[in-house]
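Required output: the full structure, derived from the provided sequences and hints.
So the sequence lines, in the order shown, correspond to chains A and B. Take the first sequence: its position 107, counted from the start at 1, is 150 in the numbering used here, and no numbers get skipped. Take the second sequence: its position 271, counted from the start at 1, is 446 in the numbering used here, and no numbers get skipped.
In short, the hints are calculated from the structure, not lab data. Be aware that one or more of the hints could be misleading.
Said to hold, decoys possible - Derived pair list, reagent style DSSO-like, types lysine-lysine, alpha-carbon separation capped at 27 Å:
1. K126(A) to K353(B)
2. K407(B) to K405(A)
3. K185(A) to K212(A)
4. K353(B) to K229(A)
5. K261(B) to K347(B)
6. K288(B) to K305(A)
7. K338(B) to K261(B)
8. K274(B) to K237(B)
9. K347(B) to K101(A)
10. K274(B) to K232(A)
11. K174(A) to K139(A)
12. K407(B) to K139(A)
13. K101(A) to K261(B)
14. K425(B) to K87(A)
15. K335(A) to K57(A)
16. K305(A) to K425(B)
17. K126(A) to K232(A)
18. K57(A) to K407(B)
19. K212(A) to K101(A)
20. K405(A) to K335(A)
21. K253(A) to K139(A)
22. K232(A) to K288(B)
23. K232(A) to K269(A)
24. K414(A) to K347(B)
25. K220(A) to K174(A)
26. K425(B) to K335(A)
27. K269(A) to K288(B)
28. K407(A) to K87(A)
29. K407(B) to K335(A)
30. K335(A) to K414(A)
31. K407(B) to K407(A)
32. K288(B) to K229(A)
33. K269(A) to K347(B)
Residues per chain, in single letters:
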Amino acid sequence: MNKQLIKIILFDIKSNLLSCLLLTFQMIVAFFVIGNLCSITAYKTVTVNALDGFDFPKNCYSPSSTDIYTDGGIVVDYDDIEKERNLSYYIAENYKTEGRSEFYEEKDGTEYTLSVITEHYFDIFGFEVSKGRLFQNTEYGKELSDNPPVVLGSDFENDYNIGDLYLDKYEVVGILKSGMKTTFLKGDKSSVVSADNKVFTPVMSIESMKAQGIDYPTSLIYADDKSDLAAINDYAAENGMNTYNFISADETRQLIDLVSTKADISLIVISSIIIILAVFSMIQSTLLYVRKNIRELLIHLICGASQSDILLRISAEVLIINLVGVVVSSLIFMSLRTTLVFMLTGIATAVIAVVPVMVSIKRKPLIMQIKEEK
Amino acid sequence: MMITFFAVTYFLCAFLISMFLNSVSSGVAGRLSDNAEIITVNQDNNSESALTYSDLGDILSKHKAIGAIKLVIEYNSGYALFDYEKTSSENSAPTAVIKPELEPYCMTINGRKTINFIGQNYTVSSINIYGGKDSDFILQSDKLSGSTVRFSGLTLIIDNKDKTPSVTESIKSDINEKNPDTNIRTDDISKISGKSNLFTSGNIVIIIAILLIGLLILMNSGVFTWSWINSKRSEIMARRICGADDADIKKNDIHKFSYDLRSRHTYRLYCHTDPYSYSCRFLLSRQYQNFRRTYIRSVHPSYRRYNFLQSE
Numbered sequence: 044m045n046k047q048l049i050k051i052i053l054f055d056i057k058s059n060l061l062s063c064l065l066l067t068f069q070m071i072v073a074f075f076v077i078g079n080l081c082s083i084t085a086y087k088t089v090t091v092n093a094l095d096g097f098d099f100p101k102n103c104y105s106p107s108s109t110d111i112y113t114d115g116g117i118v119v120d121y122d123d124i125e126k127e128r129n130l131s132y133y134i135a136e137n138y139k140t141e142g143r144s145e146f147y148e149e150k151d152g153t154e155y156t157l158s159v160i161t162e163h164y165f166d167i168f169g170f171e172v173s174k175g176r177l178f179q180n181t182e183y184g185k186e187l188s189d190n191p192p193v194v195l196g197s198d199f200e201n202d203y204n205i206g207d208l209y210l211d212k213y214e215v216v217g218i219l220k221s222g223m224k225t226t227f228l229k230g231d232k233s234s235v236v237s238a239d240n241k242v243f244t245p246v247m248s249i250e251s252m253k254a255q256g257i258d259y260p261t262s263l264i265y266a267d268d269k270s271d272l273a274a275i276n277d278y279a280a281e282n283g284m285n286t287y288n289f290i291s292a293d294e295t296r297q298l299i300d301l302v303s304t305k306a307d308i309s310l311i312v313i314s315s316i317i318i319i320l321a322v323f324s325m326i327q328s329t330l331l332y333v334r335k336n337i338r339e340l341l342i343h344l345i346c347g348a349s350q351s352d353i354l355l356r357i358s359a360e361v362l363i364i365n366l367v368g369v370v371v372s373s374l375i376f377m378s379l380r381t382t383l384v385f386m387l388t389g390i391a392t393a394v395i396a397v398v399p400v401m402v403s404i405k406r407k408p409l410i411m412q413i414k415e416e417k
Numbered sequence: 176m177m178i179t180f181f182a183v184t185y186f187l188c189a190f191l192i193s194m195f196l197n198s199v200s201s202g203v204a205g206r207l208s209d210n211a212e213i214i215t216v217n218q219d220n221n222s223e224s225a226l227t228y229s230d231l232g233d234i235l236s237k238h239k240a241i242g243a244i245k246l247v248i249e250y251n252s253g254y255a256l257f258d259y260e261k262t263s264s265e266n267s268a269p270t271a272v273i274k275p276e277l278e279p280y281c282m283t284i285n286g287r288k289t290i291n292f293i294g295q296n297y298t299v300s301s302i303n304i305y306g307g308k309d310s311d312f313i314l315q316s317d318k319l320s321g322s323t324v325r326f327s328g329l330t331l332i333i334d335n336k337d338k339t340p341s342v343t344e345s346i347k348s349d350i351n352e353k354n355p356d357t358n359i360r361t362d363d364i365s366k367i368s369g370k371s372n373l374f375t376s377g378n379i380v381i382i383i384a385i386l387l388i389g390l391l392i393l394m395n396s397g398v399f400t401w402s403w404i405n406s407k408r409s410e411i412m413a414r415r416i417c418g419a420d421d422a423d424i425k426k427n428d429i430h431k432f433s434y435d436l437r438s439r440h441t442y443r444l445y446c447h448t449d450p451y452s453y454s455c456r457f458l459l460s461r462q463y464q465n466f467r468r469t470y471i472r473s474v475h476p477s478y479r480r481y482n483f484l485q486s487e
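Shown next, in the form of structure tokens:
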């Protein structure tokens, strides 16, 4: 019986293939918009939650460069980097800063990236170690030593032990727990990154940093008032460099809220309108199907099919359209949360589309409808 | 349901058209005259002879240039407008109109909200902008003399109407005179104005999305119209029996379809004035249907057989 029912359903779909394809396509478009909406919401949730979880100091601001891009992108050469490095030393000499900067060590022809961090960096991002310890206060701001301490991300856990030398030079004092996260504040483009593959070393004295040609970490700059940072722009302009605008962690959260809300509203409007149109078409399609095949359905009923078989046959088209839409869209987005949203939307759409037909059949049995038509 | 469907459809159409117009609107660049020209200047900003924005301001001032500098920053873009023909507002402070998304970057200096671009502080005069898709900010500066930043490259738009070609040539020669190593390229305004480059990579995604949804609307409308005609099949047949030809049926159906969309009440009024609808209503009336059923059952051979089978 089931096999026969499936055959009948497949035949029904085949006879109405064009309409089915159209509606499936429409559902995929709707799910695509919903998927983008989910991605924006997920980004917002993850970033804002992470920013809430970090302990950013109140009066800290992150610089955002106003470098001008042209057709070929900005020209960055050695002198530019040198100028920027000098700016970082100027900032370090005149302001209290937090954050991390990166430099490279070469070994056997391979470049390894190390992150220089300030005293409260680990506290701000709530880093914890699985082995060893974090840096002690006395290890920050020191002159260059033979074996500077390093704390490794959890990816290095199997390769290094406490006391080992990283790149034959840096003494491993701790290994971070897995899942530690960090970020650079970049307004609405801020993103949370994993610290599992990072190698951290404490910031040295400005003189040592200058001697080694390493940027001073200035990703967060303390200022009682934002306008106090105007001097940084004055210095940059004097040296012919592009200037900066500054943003705090709170302002970053507000900005992410503003940008994602704007995007959410337009995507919600578009997706709901497409779904409403699809639901209308599905209702129309099922009603038309019943009207066209009313005699056949009645014969099916007379031959022993139950009421639920008939309802399944009528609603099969809608269910398959939604199922295909959900599967294809889920394959595009490959996200469990998004798939769940697709499934819920698909089920809701199918139910709404099938209810009018069910109600009409309950109110007026098929035999009555045929009689009326006659 | 059909009224709701088409109401939603029309709303979506209006929404899509506004989205489309928004996406193709080129804002500041679109308001420039057809004579406007683009000068792209690239230079090594670390060389001693590299031009600063201030130097550029002096050159523009010398030739009384009117136009804009297109500024593309990492995550935003906008224009710095200049008009060196005006002399009255030479000493006015540089001002900026920005999008709300840029407000968090502002800082308060001397009680005024300011934002920094190209090495100069701009007083924010408004935080609400509609300058097109590529205008997150518009800067108004009579002089670029405040900026000592040496630029590596910039896009300059000169729009002195009829004088544009001569002004452009003069500016180019002055730039070359100050820094002979500068690479200067001149382009037609259509490159950024959006007048002839509707299908840019940024626009194409939006246009495809709009066309796709438009296609869906069209196909849905087709399905709906088809089902509407299907539901009126018996009525059309009745009309034909009563003497209506193809043209009459088409004409009346189009009328009725549009009336149906507007109001069922209007449709009812329409039925009273339609010559065919009287006969049609008669043919579909209960009295006629009962008469027809009784007549067919008594006369038609298949019904006679049906009755016979039933009695069997």
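Tested hints:
{"no.": "1", "hint": "K126(A) to K353(B)", "in the structure": "23 Å, holds"}
{"no.": "2", "hint": "K407(B) to K405(A)", "in the structure": "24 Å, holds"}
{"no.": "3", "hint": "K185(A) to K212(A)", "in the structure": "16 Å, holds"}
{"no.": "4", "hint": "K353(B) to K229(A)", "in the structure": "37 Å, violated"}
{"no.": "5", "hint": "K261(B) to K347(B)", "in the structure": "22 Å, holds"}
{"no.": "6", "hint": "K288(B) to K305(A)", "in the structure": "24 Å, holds"}
{"no.": "7", "hint": "K338(B) to K261(B)", "in the structure": "16 Å, holds"}
{"no.": "8", "hint": "K274(B) to K237(B)", "in the structure": "32 Å, violated"}
{"no.": "9", "hint": "K347(B) to K101(A)", "in the structure": "49 Å, violated"}
{"no.": "10", "hint": "K274(B) to K232(A)", "in the structure": "16 Å, holds"}
{"no.": "11", "hint": "K174(A) to K139(A)", "in the structure": "30 Å, violated"}
{"no.": "12", "hint": "K407(B) to K139(A)", "in the structure": "80 Å, violated"}
{"no.": "13", "hint": "K101(A) to K261(B)", "in the structure": "45 Å, violated"}
{"no.": "14", "hint": "K425(B) to K87(A)", "in the structure": "55 Å, violated"}
{"no.": "15", "hint": "K335(A) to K57(A)", "in the structure": "15 Å, holds"}
{"no.": "16", "hint": "K305(A) to K425(B)", "in the structure": "46 Å, violated"}
{"no.": "17", "hint": "K126(A) to K232(A)", "in the structure": "25 Å, holds"}
{"no.": "18", "hint": "K57(A) to K407(B)", "in the structure": "25 Å, holds"}
{"no.": "19", "hint": "K212(A) to K101(A)", "in the structure": "37 Å, violated"}
{"no.": "20", "hint": "K405(A) to K335(A)", "in the structure": "18 Å, holds"}
{"no.": "21", "hint": "K253(A) to K139(A)", "in the structure": "17 Å, holds"}
{"no.": "22", "hint": "K232(A) to K288(B)", "in the structure": "23 Å, holds"}
{"no.": "23", "hint": "K232(A) to K269(A)", "in the structure": "21 Å, holds"}
{"no.": "24", "hint": "K414(A) to K347(B)", "in the structure": "87 Å, violated"}
{"no.": "25", "hint": "K220(A) to K174(A)", "in the structure": "8 Å, holds"}
{"no.": "26", "hint": "K425(B) to K335(A)", "in the structure": "23 Å, holds"}
{"no.": "27", "hint": "K269(A) to K288(B)", "in the structure": "11 Å, holds"}
{"no.": "28", "hint": "K407(A) to K87(A)", "in the structure": "50 Å, violated"}
{"no.": "29", "hint": "K407(B) to K335(A)", "in the structure": "13 Å, holds"}
{"no.": "30", "hint": "K335(A) to K414(A)", "in the structure": "14 Å, holds"}
{"no.": "31", "hint": "K407(B) to K407(A)", "in the structure": "20 Å, holds"}
{"no.": "32", "hint": "K288(B) to K229(A)", "in the structure": "20 Å, holds"}
{"no.": "33", "hint": "K269(A) to K347(B)", "in the structure": "40 Å, violated"}
Taken one by one, the earlier hints fail for this structure at numbers 4, 8, 9, 11, 12, 13, 14, 16, 19, 24, 28 and 33, listed in ascending order.
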